[in-house]
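Participant: Hints in hand, dock the two standalone chains.
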Amino acid sequence: EAGVVQSPRYKIIEKKQPVAFWCNPISGHNTLYWYLQNLGQGPELLIRYENEEAVDDSQLPKDRFSAERLKGVDSTLKIQPAELGDSAVYLCASSRGLNYEQYFGPGTRLTVT
Amino acid sequence: QKEVEQNSGPLSVPEGAIASLNCTYSDRGSQSFFWYRQYSGKSPELIMFIYSNGDKEDGRFTAQLNKASQYVSLLIRDSQPSDSATYLCAASGGFKTIFGAGTRLFVKA
Chain C
119 EAGVVQSPRY KIIEKKQPVA FWCNPISGHN TLYWYLQNLG QGPELLIRYE
169 NEEAVDDSQL PKDRFSAERL KGVDSTLKIQ PAELGDSAVY LCASSRGLNY
219 EQYFGPGTRL TVT
Chain E
145 QKEVEQNSGP LSVPEGAIAS LNCTYSDRGS QSFFWYRQYS GKSPELIMFI
195 YSNGDKEDGR FTAQLNKASQ YVSLLIRDSQ PSDSATYLCA ASGGFKTIFG
245 AGTRLFVKA
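Residue numbers (the working numbering), protein chains in the order written: chain C, 119 to 231; chain E, 145 to 253.
Incorrect hints may appear among the rest.
Derived EDC-like pairs (lysine to aspartate or glutamate); straight-line CA-CA distance at most 20 Å [as the list claims (entries may be wrong)]:
| no. | chain 1 | residue 1 | chain 2 | residue 2 |
| --- | --- | --- | --- | --- |
| 1 | E | 240 | C | 168 |
| 2 | E | 146 | C | 174 |
| 3 | C | 196 | C | 168 |
| 4 | E | 186 | C | 204 |
| 5 | E | 240 | C | 170 |
No lab work stands behind these hints: they were computed from the structure.
Just chain E, with the same shape it has in the complex (with noise of 0.2 Å):
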């Protein structure tokens, strides 16, 4: 069973810290790998993916990729009480996408 793992938390940090998520994968025919913001009650948001080994970084959002370790991670800076919600990590080879079941993260006013 190809699985992806997620610390389902809650992950609280003080407004302004660096959050830090952390996702692992089993498929080692995984190619690409995605993180999505779910609000409550809403639906999955795409706020990065990452194809190649090492860091992507758009704003305040940055994501690691190590293939060898088979490891993702999203590190939030500069976080802000609207980033409040649930991060889902998804890994996408060969002919399915598997998503993890999400780490809550709660920052702290």
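For reference, chain C alone in the conformation it holds in the complex (with noise of 0.2 Å):
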């Protein structure tokens, strides 16, 4: 069974610029997950979804961030413009549904001049 699939695996930008994310879940997984992950710190939940259906992104900055989840399967996480506190791991999870067990993908690290 494949994983999670992301891309890029790293990426580096100038501030102000456009960035985007692209991940692929366990074929069957209907929840997603997209988390950011600083050094020394646990993944902190950005969006979550259901289906094609956003139902927690409480914790996006939307004046910057922008996701979605077209058809239900694969995922796409924006930034724009990016800033220098965005430097950081950005991973993609999926599971059967919520609070059963997740599975992340190799993350990408996002450097930000």
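Facilitator: Next up, the structure:
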């Protein structure tokens, strides 16, 4: 069974530029999560999807971050414009549903200069 | 603010010893609990999950849950240098999964 796929693995951009991350979850997993992880911290939820519906985006900075999960499968997270403080690892995870175990993709390490 | 608390460590144990990692959570509505291992520069990898009070064993790993005390632990028997990593505890309930900041484990050869 293929795991969660993310791309790109690394991204370096200048501040004020846009950036987008892509995630393909494990087949059959209806719940998809985007997390942000800073060094020495645990993952922090940005947004959770149930199928194509964003059911928890309370921690998503909506002035610059957006996400979509068209057709309820793969998902894209976008930042526009990026700020220096956005430098972090962006993790995508999927699960069979809320409260079930989550499986993480390899993450995208974003550096904003 | 619902929280999951872990000792940041590092916890250092000799090879072959038992490593004991602890976690407390504040949300009494939490129903599911998870332990993830994260190597430096890698993403979290699920190693154990537990839903009911008591112990759950899987190979060298044992997860323990005490909902009355809001306490979850992970025991690693016969610790190996390859177990050196950060271990994240997570609690899930209601509408959210909360992760702790992790405990760094170092197994000395």
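Participant: Find the hints from earlier in the document that the structure breaks and name them by number, from lowest to highest.
Facilitator: none
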